[in-house]
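Residue numbers (this note's numbering), protein chains in the order written: chain A, 1 to 393; chain B, 394 to 755; chain C, 756 to 1084; chain D, 1085 to 1323; chain E, 1324 to 1599.
Think of the hints as simulated: they come from the structure by calculation, not from any bench. Fair warning: this is a prediction, and the values are worked out from it, not measured in the lab. Even glycine gets a Cβ: it sits at the ideal position worked out from N, Cα and C. A couple of the hints might just be wrong.
To be verified - Result set (DMTMM-like, lysine to aspartate or glutamate): computed pairs, CA atoms no more than 20 Å apart in a straight line:
hint: 1; chain 1: B; residue 1: 587; chain 2: C; residue 2: 907
hint: 2; chain 1: D; residue 1: 1255; chain 2: E; residue 2: 1566
hint: 3; chain 1: B; residue 1: 599; chain 2: C; residue 2: 925
hint: 4; chain 1: B; residue 1: 599; chain 2: C; residue 2: 1053
What the hints assert, rightly or not - Sample of chain B residues facing chain C (criterion: CB under 7 Å; computed from the structure):
hint: 5; residue: 559
hint: 6; residue: 573
hint: 7; residue: 624
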Amino acid sequence: MSAASSTRPKAKGKVPKPPKAVIIAIAVVFFYALPLLHLPIISTPDSDFAGVLFTMAIYVIVALGLNVVVGYAGLLDLGYVGFYAVGAYTVAMLTSAHGSLPFLVVLPIAVVVAMISGVILGAPTLRVRGDYLAIVTLGFGEIIRLAATNSDWLGGARGVSKIPAPPSIPPNKADGTVTDPLFEIPHIKWDGIIPSIDDETKTRFLKFGVLDAAPYYWMALTVVLVVLIADVLIKNSRVGRAWEATREDEDAAEIMGVPTFRYKLLAFAMGAFVGGLAGALFATRQSFVNPQSFALLLSILFVAAVVVGGQGNRWGVIIGASLVVYLPERFREFADFRVLFFGLALMLLAIFRPEGILPAGRTRRAKAVEEELIAVEEGSDTDGAEAEVKPSA
Amino acid sequence: GSDDKDTASSGSDTSSSAECKPATIAFFGPKTGDAANLGLNIVGGVKVAVDKFNAEHPDCKVTTKDFDSQGDPEKATPLAAQVINDKSIIGVVGPTFSGESDATGPAFAEAGLVTVSSSATNPDLTTNGWKTFHRILGNDATQSPAAAKYIKDNLKSKKAFVVDDASEYGKGIADGVAKDLGDLVVGTDTVQVKQTDFGPTVTKIKASGADALWYGGYYAEAGLLAKQLRAAGWKGYFVSGDGSNDPGFVEAAGKAAAKDARLTCPCGAATPEFTADYEKANPGKKPGTYSAEGFDAATILLDGIGEGKSTRSDLLDYVNAYDKPGLTKQLKFDDKGEVAEVVIYAFKVDDAGEIVLDTEIK
Amino acid sequence: MQFFFDHFFELTITGLALGSIYALVALGYTMVYGVLQLINFAHSEVFMYGTFSVVWVFYLFGAGADQSTGSLIGLLVASMIVAMVVSGGVALLLERVAYRPLLKKNSPKLVALISAIGASFALAEAMGLRDRIAGFLGLEGTLTKYVAGARDNRSLPTTITPDPLFKIGDYNVTTVDLLVIVMALLMMFALDRFVRRSRLGRGMRAVAQDPSSAALMGVNSTRVYQVTFLLGGLMAGVAATLYMIRIGTTRFDAGFILGVKAFTAAVLGGIGNLRGALVGGLVLGVAENWGSAIIGTEWKDVVAFVLLVVILLFRPTGLLGESLGKARA
Amino acid sequence: MLLEVEDLSVNYGPIEAIRNINFTVEEGSVATLIGANGAGKSTTLKTISGLLKTRTGRVVFDGKDITNMAPYVRVKLGISQSPEGRGIFPGMTVRENLDMGAYVRTDRKTPAYQEDVDRALTLFPRLEERIDQIAGTMSGGEQQMLAIGRALMARPRLILLDEPSMGLAPKLIQQIFSIITEINNQGTTVLLVEQNAAQALKRADTAHVLSTGEITQSGTGAELAGDASIQEAYLGGAV
Amino acid sequence: MPELIKDTPSEAPAPTPGAPILEVDNVTLKFGGVTALDGVSFDIKQGEILGLIGPNGAGKTTCFNVMTGVYKPTSGEARFLGSSLAGRKRFEITRLGIARTFQNIRLFRTMTALENVMVGVDAHSTTGVLRALFRTPRQRKEQAYAEKRAHELLELVGIEHRAHEFAASLPYGDQRRLEIARALATEPKLLCLDEPAAGFNPAEKVKLLELIRKVRDSGYTVLVIEHDMRLVMGVTDRIVVLEFGRKIAEGTPAEIRDNPAVIAAYLGVEDDDDAA
Ligand SMILES: Nc1ncnc2c1ncn2[C@@H]1O[C@H](COP(=O)(O)OP(=O)(O)OP(=O)(O)O)[C@@H](O)[C@H]1O
Ligand SMILES: Nc1ncnc2c1ncn2[C@@H]1O[C@H](COP(=O)(O)OP(=O)(O)OP(=O)(O)O)[C@@H](O)[C@H]1O
Ligand SMILES: [Mg+2]
Ligand SMILES: [Mg+2]
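The following block holds chain A by itself, in its conformation from the complex (with noise of 0.2 Å):
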C-alpha cells in the first residue's frame, strides 16, 4: 500500500514517535533474541529451534522476493525456486566445486547471476499472457533443477558438499582452527514457567559452526531486515505504483506512459535477486546442495505460503512463509499426516481467508479512508513528504 499510507493523516502519526521506534526496536531485538530463549510452546520441541528458524528466515526471504512478482506486479511465478537454486548452485560452484572464493566474495555474485537468470528468463517471456507465464516458469524451474541433475559440472545428481561457512568473526585461523569469540551469550532454560540463564549452552557469537544455528539465523534475520526495509522503501514509490496498475489494467498502464515490459522485467529481476540471495544463505548454512533441494514442489510451497499470508501485504507474506515452515515442525508429532493437514489447512485458509492471513492494503485502506475522513474535519493537514518517511504497515 502506498498511497494511502504515505497520505494518512497525521492524527495517527501524531502518536509521540519515540515509544513507536521502541516498540519496534523490542520486536527486533525478541527476534534476535528467539533462539536464545527456549521459549516453551513456541520453540519446535522435535527439532533444533534455531535451525528451524533459520528456515524459516530464509522462507521469509524467498516469500518477499516472490511477492514482489506475484503480489505487486502479478506475475504468477511457478518456478521461482529456480532462482533459489541458481543462488545456491552459484555458490556451490564458486566455493567448492570450481573454486575456493570467500563466501562473501561470492555472495554478491550469486546474486547478481540469480538477477541475470531472471532477465534472461524474464525477457522473452514476459510478452507471454498472464497466466501462461505459470506454466513457462514452472518449465525454467525444473529445467535448472534437470541441468543440474544431469550436469556432472554442475554436480550432477551427487551435489556438492563442502561449501564453507561464512568468515566468522573474528577469524578462524588458516588451518581451521577455531579462534574465541568476541563474546558469548548464555541461552535461558525453563523449568515450568521460571526461566533462569543456563550456563551450559552458550551460543558463540558470530561463529559459524556446523553445531549452531543461531549465528545462522541472525545473518538471515538481518537479510530480512534489509530486504524488508527496501521492499517498503519501492513499493512506496512510484515504482510500486506502477507495479500495481500494471497488474490491473495493463494496456492502460502503457497508455498512461508506464512502460510495462520494463516494470514487469525489473520486478522478475528483484525477485530474482531475493530468491538467488536467500538460496546463497542457505548453501552455505547447508554446506551441502544437491538438485533434490529444488523441487517443483517447493515453488509451489512458495506460491502456497505468499498467497496464504496475504499476497500484496509483507507482513502477511512474512507469517505465511514462516508458517509453512514451522507448522511441520511444531507438529511433527503429526507424522504422516503432516501432508495431509497441510493440504486441508491450505484450503480452508484459502475458503475461509480468501484475503490471505493479512489481506492486502485493501480492507486496510478502507480504514485509512476513515481516518482521512476524521483528519479533514479536524482541519488537518497532510504533510507528503514528512508522512512517506514512516513505513507503512
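Place chains B, C, D and E with the ligands on chain A using the hints.
Frame of chain A, contents of chains B, C, D and E with the ligands only:
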C-alpha cells in the same frame, strides 16, 4: 516424533551392574515421505536388536529415539542439531541416505557423536575425514564391480546396456557398472525418477541387441522398465542393484515380467530366525531391504553400551575398534569408517515372484 | 541421429499413444481454465483416483495373472465405467468443496489455485494413507487388498500383453497403441461436439466470457461449473483406464508428473481450447520421444519445456490459440 | 402489479447503496428511475435481476417472491436486463450473442424464434451487416445496440434497460426511444434507467427520482417532467 | 543493481499557439474486410477544442487508437508536433504529450482514486529503484508533488471527497471523472476524451462542459468524441465528422449543425425538446 519406543527406566537408576548404564540411541532417517519404506525397514531391524538387548539387560535398558528426516537434507540439518543437543543420545543408527549424510556429517563429526549407517552407499562419504561416520555395507564402488562381474561371468553376457535414473545413487552405481563392463556396453541411457513411460529407452535397448541390462535406480521405475521391456518383446537379463531389491519391484513389473530378473545387493538374505524375531518385534511386518543391516548397526552400539560405554567418546572409540561377526557379515571398520568385509549377493526372482538368493558374488 | 531415423515410426507412434493420454487429461485443465480461468491444480488427483479404481475393479472381480481375452475386455469396460464415475465424482467433489465457496465470494483466482493445491495434497495423501485411514475406520481387515502398500506402486493383477496388429515402417503397431489413440480421438470428438453444439456448451462459453452477463441470459452458472468439472473428470477417467492399460501401475502420487505434463500440453495447444488440448498432447508426446532419441532421455522434459517456450514466443496463445470462451462455433 | 419492490436495501460491504426503496411497476407500463451518478439506479436494477443480494426487503414479481432466487431463475420467469456497460460476450459473434439472449427459450428451431432474430436485426441494421463479427471488436455504440437486441431476444415480460441510449448517436437515440415505446406496445413491461431524463420522462407512465440511495419523488412521467426542481437538477439548464 | 528503469521523459519541442499540434495524414486502417478508417486527414490546432463526431461505428475510437499507438495504421500516419508517431511505443506517446480516456472505462480497479491519478503524474517523474531505495531528496520531492498534484486534479474534476475509495466502487459517472483526472495527470499537451459525458445526466453534462473549458483555458488542447450534440456544439471550436471511416465534413459548430450530409448521416431530424 521422538517417541519412546520402550519404557525407559528412570534416569536415576543406579543399579549394581556397575558396567552397564541405561542409554539412548537414535535412529536418523526417513519415517515418512517418499523414502519412508527404507527407513521403516531399518527402524524395524533396530527394534529387534533393542528388544533383544533389553531382554538380556533388564537393569540397563536402552531407549531409542527416532528422528524423521524424511530423507531430505534440508530438514535433516536442524534435526541433526536436535540429536546432538540431546545429551542423552550417545550413538546414532543412520543417516539413511547419502544426501542427508552429506548435509549432517560435519555436525555429527564436530559433536563426536558416532553414526552407523546401514544404507548410505555414496563412496565419497568416507573421504570427508569425519571420524564419526561408519557404514556397515559395501559402498556403490564395491557393489558395481561385483555387479559387472556377475553380468560378465555368471550371466555370460556378450552385449550389455546400462540405464540409470539420474539419482545420486542410481547414477553412481550405473557409472561404475558401465566402467567395469568396459567393451561389453553397447549403449547407455538415463531416465528420471518417477518416470512411468519408458518408450524411447525400450526402443534403444531393443535396437542395441543387448542380452543384459543393468539398471541403476530404485524398484518403482525398475519394475515398470522391466515390464515395458518384456511387453516390447525384449528377452535379455534384467539386472539391477540393491535399490531394486524389494518386493515392490515384482509388484510393479508383474510376476511374468519380473521373472528371472537379477538383483544384486550388499545385503544378506534375512535368516529364518531373524525373520521370526522381526515379525515378533514388529507385528504384521516382514523384514525388508536393510532390515538386517539395521539390526547389525544397532547391535554394534548396543554391544558398546552393554560393555559400559556411556559417553559419546567412549562409544565412538568402541565402534572404531569393533570386530565381531554380525548377522550379515563380519563387522569391523577400516579407519575411514568403511566396513572391512564386503559381501555382495545376487538374488533372482523365482517363478512365484519371490526374491530368492541366487549366489554370493565372489 | 541414425537411431532416430531408424526408429522414426516406433518413436512417433508410441509418442502419439503417450500424447493421447496427456491430451485426455489436458482436457480437464483446459475445460476448467476455459470456463473459470483457473488452473485446476487438483485435476491430477482426479486422474489418479481413476487409475486406482481400475486396479480395484480388477481386484474386486478377482482377476488373476492369466485372464482370457473375453473376460479381460469385460473387465476393462467395467473398470472404464467405474473410473469415469469415480473421477467424475472426485471432480464434482472438488468443485463443491474447493472451488464453489470461493467462486461464490468472487475471490481472486490465485486463491482458488491455492485451494486447489491444498485439495491436491489432501487427495493424494488420503490415497497414500488409505491403510491408516482404513485402520481408523476399523476396516483395514476387510479391505486389506485394497489398502495394502498405500505408498507403493500398485499394479493390475493381470498383465495386458499388447498384440502386434500391422506394420507402419518397421514398427508393429500394437492393439494397445491403437486402442489408446483411437479412444482419445473418439472422446475428444464427442466432447468437442458437446461443447460446440449443446445449449449447455454455449452456456459454458458465455460464463467463460462474462459470468454476470451469462446469469442475465438465464445461464445457471453453478450447473455450468459442475458440468465443466464433471466432463473433465469423465475424460480423466478414460485417460486413467488407458493409462492402466498401457502402464499398468499406479501410485498415490502418480498424478503429479502426468498432471504437469498434461497442463503443459493444454497450454501448448492453447489453453481453453479443446482441440488445442488434443494437438498439444500429441505434439508433446511425440516431442518427448523424439527428444529422448535425439538428445537423450534425461533431457526429454527439458525438450518439452523448451518447445513450449519457443511455441509461446511465436504463438503467444498456444498452437491453436483462443480460449474456450473465444472458440468459434 | 408485475413488479413490487418493498423496503429494499442493498449494501456493498459497509457501503449502503440503496435504503428502503419502495415502488411498483404495473404490467404493460413503462416506469423510469432517474437520479444523479451514484444515486443507486443501477444497483436497483441489478438487485431486481438478482445480481446483487438484498440486505432487507423483498422483490415480488408477478405475485411471486423472487428475493432469494438465482438470477437465471428470474430470467426464466421473464425478467431480462440490458446491463450498464453493455456486458456483451466479447469473444462471441454478433449472432451468438443474440442466441445467448434466447438461452432460456426452447423454441430455437421455430419460425417465431427466427422472427425475433429478424426483428432485432431490422431494428439495428448495423448488426445485420456485422452478424459474424466478433462482438468485442465492435464499436461502443454497436455494442450497445447488440446489448439491447440481445435483451429483447428473451421475449421477456419485464425488460430492465440500464441507460440504453448511452453511447449512441443522436439519430439512434431517437430510434431507441421509439423502440422502447414499440416493445411496450407489444406488451412488454419496461423499467428504464436513463440519464436522458427528458426523453425518459416523456415516455414513462410512472417515474421515481433516486437520490443517494433513497426515492425522493415519484409521480407520472409528465408530472415529474414539469417539476421545477427536477428540471433544475436533472434536465439541465440551457447551455 | 543497475538502474533498470530510467525513463526520463523525452522532450518534445514546445508547441506554438495556433499551429497544428497533431496532424492525421491520410490514415487508412483495415480490419480484415472492415475498413474502419479510410484516408482520413485532419489536424488539431494548439489550444483549440476539436470535436470528433459521427454515427456509431464511424471510426472515431479507432482514430484515437491510431493517435495513441494502440493500432498501427495500414497506411498514412499521425504526426504530433511535427514528428511521426509511427513505431512509437504507447508509453512514449503518452510522455510526448498525448493523453486519453477510454470509452469503456479502464481504471486500475483495486487502486484508490488518488493512486490512479498518481500513476498518471508519475509519467514524468524519474524515480527508479535506486532513488526509491535511497530516498533521495529528488524522490521525496516527486512523491510529495505527485500526491499534491493528484489531489488537485481530483478536486478539479470534483471527486476529491472520494480520493481514498477504490476506483471500482465509484459510480459510473465518477469513474469517468476519474479517467479525466488520470489523463490530465500525465500533463498532456493534447487531451483526448472518448465520450466523456456518457452516463451523465444533462445537469452533470453542463458541469462537464465547464470542466472541459476550464481544462482548455489552463492551456491544454482538447480532442473530444461525443454524441451529445448540446455538449459538442457548446464547447468545441471546430468539428470533424466521420462516417464509414471517411471524413464527410469539417467546420465550426454552426456550419456542421446545418450541413445536410451531417444531418442525414448523424443528427437526424430532431424533436424540439429532444435536443439532447
Ligand atoms: N462494486 C461496488 N463496490 C462498492 N460500492 C459500489 C459498487 N458499485 C456501486 N457502488 C456504490 O453504490 C452507489 C450506487 O451506485 P450505482 O452504480 O447504483 O449508481 P447509479 O445510480 O447507477 O449511478 P450512474 O448514473 O453513475 O450509473 C454508489 O455510491 C457507488 O459508489
Ligand atoms: N478489431 C476489429 N475488427 C473488426 N472490426 C473492427 C475492429 N475494431 C473496430 N472495428 C470496426 O470498425 C468500425 C469503427 O469502430 P470505432 O470503434 O472506431 O467506432 P466509433 O466511431 O468509435 O463508434 P461509437 O460511436 O459507436 O463508439 C466499427 O464498425 C467496428 O465494428
Ligand atoms: Mg448506473
Ligand atoms: Mg467509439
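* **Violations among the numbered hints, reported as their numbers in ascending order** => 6
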